[in-house]
Structures are given as C-alpha cells and as structure tokens.
Amino acid sequence: MAKKKKKMPSLNTTSTADISFMLLIFFLVTTSMDTDMGLARRLPKPPEPDQEDATMDIKSRNILYVRLNHLGELWIEDEMNRGFSDFKELRNRVKEFVKNEQNLSKLPEKHVKNIDLLGQCFVTDKHVISVQTDRATPYDAYFQVQNELVAAYNELRNELAKQKFGRELQYLKKEEIDAIKKYYPQNISEAEPKKYQQGGQ
Amino acid sequence: MAGFKKKASREIPEMNTSSLPDLIFTILFFFMMVTTMREVTLKVKFTTPAGTELEKLEKKSVVSFIYVGPPTDNLRAQMGSGTRIQLNDRFAETREIIDFVAAERQGMTNQAEQVISIKADQGTQMGYITDIKEVLRKSWALRINYSATKRN
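Heads up: the sequence lines are chains U and S, in that order.
Quick note on numbering that gives the first Met the number 0: the first sequence kicks off at 0 and runs consecutively.
Quick note on numbering that gives the first Met the number 0: the second sequence kicks off at 0 and runs consecutively.
Excised from the complex, chain S in its bound form (with noise of 0.2 Å):
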C-alpha cells in the first residue's frame, strides 16, 4: 500500500471562513429592513388598554402618534402629575394639534389615506379624548387608532 503512505501530518484541516461575512451580511440586511427606528423619546409614561378586536397598523408613512399620559418620572419635578399630550418631542396643548397634522400631512404622499394613532394610558380621563378627538375632527383627521395591545 505505497499511495495511502500519508500519516505523517494528521493536521485537521481549517474550516474555510471566507462565507462568513456573508452570512452575517445576510441577517444583517434582515434586521435593517424589519426596524424601525424610534423617532421620539417619550415624554410620557402609557399603558395601552387591551383589546381583542385590534387591527395591524400597516403603512408606517402615513401614521402619526399622539401621546397622552402622565409625565416620566423625571419629568415630574416640572411638569406636575397630572395628563399631558406629547406631538413629536415635545408637550402640546390640545390646539396645537391642528398644526401637527397638517404639519404632518405635509410630508404624505398619499394625504387622505392619513391615520392618527392615539396612544393614551388606562387611566386617561376621557375628557381629554374627547378633546383631541374633537380637534382631530375640524382638521379634516378622521381615520383615527386606539393604540392598544392584543389580549385574548
């Protein structure tokens, strides 16, 4: 058996390396296009209510959130306990949504396909909701959202 006379280097062979960076390429690119960056820092602590009958929030260009709780922890100090609205990055009065969705509305290509999701804690009294209902309504925003999450 001359031509199997190979024992003198049993070196185990290294794994070949080189597709690795296109693995990780490949998840890579998974996880830019499923993320959506967040674009506001909340100002205001909610918990959604839950409900069963809830519907997915499908085009992302055309939504635009409205905050409405109590302020952060840290925010306390200044701004008091009581129930706030939050536009963007900021705290609002009720009246100012007007220009908030037509400000928003602005960027839309497809404008009357615009919805406003309503992200508002529990405890919310709906006096506020009415309000901001009522605004949404004489700015011409009438496909609304009850931000909530699924429960059974």
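Same shape as in the complex, but just chain U (with noise of 0.2 Å):
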C-alpha cells in the first residue's frame, strides 16, 4: 500500500543561488580590474668590483644631454644648441638628433653596418643620450622625460617599419622588429660618460 512510491525525494536547491551570489558579491567587491600599466626599462648591468671608472670615450658629436635641475626644469645641450627646453620639443629634438638625416657633423655620427633584412644601412648606433638628474628633482619630471624619449625612439621606428615593411612596428615579424632595433638602437645612459674632447661642464 505505502510502498507504492518509492521516490527518492530530490535535494532542496534553491539555496545555491542564493550561495552563488554571495560568493559572486564577494569577488566583485573584492576584484581589482585593473591591470597595472607602466614604463618599462632596462638598467645596466652592475659595474665589475675591479673595473674601476668605466671610460668610456665618447666624441661629443655623439652626445645629447638632458639634464633635470632641481625645479624640473629641462636643459637639452648637443653640438648644434643648448638651452633650456620644453617637455613637448625633448621627442622631436631626440628625433632629430638620433636620425641626422642630412648627416651633419654636428650630430652623431653615421657607419655603415650591415643589418639582416635590411642590408647595408647608415646608422647612428654610437649615439648616447645621457640622462643627468639632480638629487631634488621632482620624479614626474624624470618620467615625463623617459617617457619622451622612449616615443622618440618608438615613432623612429615605427617610421623606419613602415618604410621598410609597409606595416607599423607592432604588426611585424619578431626578426624584422630585431632588424629595426638594430637600426634604431637605445643608447640611453644615466651615468656621467667621460669625454675626450672639450665640453661644457
């Protein structure tokens, strides 16, 4: 008679969606979305314990001082001119300088080398930019400044990608990207490069 049925009754689930959206209210106030986002840089290696003073002979041609004082404020000095400058002049004139397109002789000077899927190439590969910074000066400015020079080198080769592969620098090929990096090198120095020539301060 009462064994008719023998159901096996069901787990009672209306709770779990009540469980699940208190754990999905929980990451959401706990989630972080946003993904970290900065400049990437490299520094050099360690100087070796016996090495004393790396001198490193650099014709002044091939230098381009930025320099921060203490308020800031920027001083851009190569051969050609000096002075005072402004955030937005450091990327063209970094440009100007690392190209030398008409090959002067005041700006760096150019070799042939001889880079894969290039060919023979006139580069500036011993160019440096020296970075000079004062203790007191605000980090916004350093930044502002490395921030600059690394869309002056990115437009350089962008430009140099386009006219050689047709396409913008992210859309290559990793050799061609290696290729354009040798063409367009970072020399960027944050140390006080010994000169052998004559120089102001």
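By construction, these hints were calculated from the structure, which means they are not laboratory data.
In this text the structure is predicted, and so the values were computed from the model without any measurement.
Just so you know, even glycine gets a beta-carbon here, dropped at the ideal spot from N, CA and C.
Don't take each hint at face value.
[Unchecked claim] Calculated Cβ distances over 12 Å to all of chain U for the following chain S residues:
1) ASN73
2) ARG83
3) GLY106
4) MET107
5) ASN109
6) GLY122
7) LYS132
8) SER146
[Unchecked claim] Cut-off 20 Å, straight-line C-alpha distance, at most; resulting in silico cross-link-like pairs (EDC-like, lysine to aspartate or glutamate):
9) S:LYS59 to S:GLU103
10) U:LYS44 to S:ASP130
11) U:LYS172 to U:GLU158
12) U:LYS87 to U:GLU76
13) U:LYS44 to S:GLU133
14) U:LYS173 to S:GLU54
15) U:LYS125 to U:GLU108
16) U:LYS44 to S:ASP98
17) U:LYS173 to S:GLU57
18) S:LYS58 to U:ASP124
19) S:LYS137 to U:GLU154
20) S:LYS59 to U:GLU189
21) S:LYS137 to U:GLU47
22) S:LYS149 to U:GLU47
23) U:LYS87 to U:GLU72
24) S:LYS42 to S:GLU10
25) S:LYS55 to U:GLU154
26) U:LYS94 to U:ASP124
27) U:LYS161 to S:ASP130
28) U:LYS94 to S:GLU52
Need the complex rebuilt from these two chains, each delivered in its own frame; the hints are there to steer you.
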C-alpha cells in the first residue's frame, strides 16, 4: 500500500542561487580589474668590482645631454645648440639627433652597418643620450623625460618599419623587429660619460 | 469547440528558475578568474605619473612592487611626512631591497624574467629613485617598470 512509490526525494536546491550570489558579491567587491601599466626600462649591468671607472670615450658630437635641475626644468644640449627647453620639444630634438638625416657634422656620426633583412645601412648607432638628474629633481619630471625618450625611439622605429616593411612596428615579425632595433638602438645612459674632447661642464 | 474549453484556470505559469544558479556560477567564475586580490595594505600614498608609452605588466607572477611615497595620513604621526619606501607590508630602508629582491626571486619559476615595478609618487625626489635603482642594479634585478597611468 504505502510501498507503492519509492521516489528518492530530490535535494532542495533553492538556496544554491543564494549561495552563489553571495560568492559572486564577494568577488565583485574584492576584484580590482585595473591592469597595471608602466614604462618598462632596463637597467645597465652592475659595474665589475675590479673595473675602476668605465672610461667610455665618446665623441662630443655623439652625446645629447638631457639634464633636469632641482626644479624639474629641462636642459637639452648637443653640439648644435643648448638651452632650457620644453618637454614637448624633447621628442623632436631626440628624433632629430638620433636620425641625423642630413649627416651633419654636429650630430652623431654615421656608420655603414650590415643588418639582416635591411642590408647595408647608414646608422648612428654610436649616439648616446645622457640623462642627468639632481637628487632633488621631482620624479614626475624624470618620468616625463623617460616617456618622451621612449616615444621618440618608438616613432623613429615606426617610421622605419613603415618605410621598409610597409607595416607598423607592432605587426612585424620578430626578426623584422630585431632588425629595426639594430637600426635604432636605444642608447640611454644615466651615468656621466667621460668625454675626451672639451665640453661644457 | 469542445476541445478548447480550458478557461477555468488561467494562471500564468511560474518562471523556471532552475538555470539561475548556473548563470550566477558562470558570472562567479568569471570574476574569480579576473580577480587579483590586493595582497598588501598600502602604507604610503602615491599618485603615479602619467605617460603615453606604457606597456601592460603581463605576467603578474614575476612582478614585485616597491612603493615609494609619503606615509598615509593615519601613519603620519608615527612616521613623519618624508618619503618612505614600502616593501610588502612594512616600511623599509633602501638597502633592504637587496634581501627583498632575493626573497621574491626565490619563489619564481622563471627567475630571469623578474620585473620590479616601482610605484612612486610624482613628487618624490629623484635621489630616492636613484638609490633604489642603484640597489636594484647591485641585486641584478635589471628589468624594471615605472608604474604609471595612461594619458593621451
């Protein structure tokens, strides 16, 4: 009689929704979706203990000084001209300096270099951009300089990528990017390079 | 029309909510995946500078953070208002960064890819940053990242 229907009672799942809602709300609250962004840089290797002073002999025409004083004011100096400058101007100055399109004698010297995929190139790979700061320089000013320097190189590389490969840098293959990087290497020095020619301070 | 005589109970059928938990679970899993729990409590205040040429920090597992800035308001009474460095959950001196970098490197599978992200306040004096960079160089943590916000 009572044995007729022996159905398993199904598990009551009405509260599953509530439980998962609670978990959901917990994760909603604790989540921070912001992806961290930043300017990626690479530091030079630490100096060898036995190596006293890295006497880098750099011709004065190959150096572009970018100085920041304690107020965060910008001073740009190469053989062409020198003086206080705007942060907006920095990018063009750097591009002009690194490119040396007209092969001027006051801008970095050019060499013939054999680069894979690009062939014989006439590049200014000996140039150095020397960034100097005061201990009291605001970090923001320094960051803007770094940002502009990276921007200048990125623009130069992009121009070259479009000219040689017809595409923007980000769409190139790895070997092509390497070739472009060899054409425009980033030589940014934050130490005081020694000059063998005379120069201001 | 005898077959259609069902006028008596015109009740709206209840909505079937049996798939609701599944839906919620889907959303839950999404948030569980994208979530990154803030693992440190910040003891310093900072507004990172704004830049245009920023890159995303892709691999979270190889990134360690160094926070630089003045102490937060409730800690100012103890710590003063000068620039301080925070490593993990506490204030630290510049030279302690060597141990910090080594400790962080220990847990990484790909130690060569270690990245140190410097989250520093805009107004920090470069002296602190230069010292930090010098220590990082000494501890062979050469890949660094100046944390910043995007600007157009």
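Here's how the hints hold up against the structure:
1. Listed as outside the interface, ASN73 (chain S) is consistent with that label: its C-beta sits roughly 21 Å from the nearest C-beta of chain U, beyond the 12 Å cut-off.
2. The beta carbon of ARG83 (chain S) is kept farther than 12 Å from every beta carbon of chain U, the shortest such distance being approximately 14 Å.
3. For GLY106 (chain S), the shortest C-beta to C-beta distance to chain U comes to about 19 Å, beyond the 12 Å cut-off, and the non-interface label holds.
4. MET107 (chain S), annotated as away from the interface, keeps every beta carbon of chain U farther than 12 Å; the closest lies near 17 Å.
5. Against chain U, the non-interface label of ASN109 (chain S) holds: every CB pair exceeds 12 Å, the least being about 16 Å.
6. Against the 12 Å criterion, GLY122 (chain S) falls within the reach of chain U, whose nearest CB is about 6 Å from its own CB.
7. Not every CB of chain U is more than 12 Å from the CB of LYS132 (chain S) (nearest about 6 Å), against its label as outside the interface.
8. Here SER146 (chain S) does not stay apart from chain U, with its beta-carbon only about 4 Å from theirs, under the 12 Å limit.
9. In summary, the hint linking LYS59 (chain S) to GLU103 (chain S) is supported, as the alpha carbons are separated by about 12 Å, within the 20 Å threshold.
10. For the hint linking LYS44 (chain U) to ASP130 (chain S), the alpha-carbon distance of about 15 Å falls within 20 Å, and the restraint holds.
11. A threshold of 20 Å between alpha carbons decides the hint, and for LYS172 (chain U) with GLU158 (chain U) the separation of about 16 Å falls inside it, so the pair holds.
12. Distance hint between LYS87 (chain U) and GLU76 (chain U) is fulfilled; the C-alpha atoms sit about 15 Å from each other, no more than 20 Å.
13. For the given pair, LYS44 (chain U) sits about 10 Å from GLU133 (chain S) by alpha-carbon distance, which is consistent with the 20 Å threshold.
14. Straight-line distance between C-alpha atoms of LYS173 (chain U) and GLU54 (chain S) comes to about 18 Å, which keeps the hinted pair within the 20 Å bound.
15. At roughly 7 Å between alpha-carbon atoms, LYS125 (chain U) and GLU108 (chain U) fall within 20 Å of each other, so this suggested pair holds.
16. A hinted pair counts as satisfied when its Cα atoms are at most 20 Å apart, and LYS44 (chain U) with ASP98 (chain S) qualifies at roughly 18 Å.
17. Annotation: proposed proximity of LYS173 (chain U) to GLU57 (chain S) holds, straight-line Cα distance about 18 Å (limit 20 Å).
18. At roughly 32 Å between alpha-carbon atoms, LYS58 (chain S) and ASP124 (chain U) are farther apart than 20 Å, so this suggested pair is violated.
19. Straight-line distance between C-alpha atoms of LYS137 (chain S) and GLU154 (chain U) comes to about 32 Å, which puts the hinted pair past the 20 Å bound.
20. For the hint linking LYS59 (chain S) to GLU189 (chain U), the alpha-carbon distance of about 28 Å lies beyond 20 Å, and the restraint is violated.
21. Taken as a hint, the LYS137 (chain S) and GLU47 (chain U) pair is honoured in the structure, with Cα atoms around 10 Å apart against an allowance of 20 Å.
22. Taking the CA atoms of LYS149 (chain S) and GLU47 (chain U), the gap is near 37 Å; set against the 20 Å cutoff, the hint is violated.
23. In summary, the hint linking LYS87 (chain U) to GLU72 (chain U) is supported, as the alpha carbons are separated by about 13 Å, within the 20 Å threshold.
24. With a C-alpha separation of about 61 Å, the suggested pair LYS42 (chain S) and GLU10 (chain S) falls outside the 20 Å cut-off, and the hint is violated.
25. In summary, the hint linking LYS55 (chain S) to GLU154 (chain U) is supported, as the alpha carbons are separated by about 19 Å, within the 20 Å threshold.
26. At roughly 13 Å between alpha-carbon atoms, LYS94 (chain U) and ASP124 (chain U) fall within 20 Å of each other, so this suggested pair holds.
27. Restraint check: the Cα-Cα separation between LYS161 (chain U) and ASP130 (chain S) comes to about 40 Å, which exceeds 20 Å; the hinted pair is violated.
28. Restraint check for LYS94 (chain U) and GLU52 (chain S): satisfied, since their Cα atoms lie roughly 15 Å apart, inside the 20 Å limit.
In the structure shown, a violation is registered for the earlier hints numbered 6, 7, 8, 18, 19, 20, 22, 24, 27, in ascending order.
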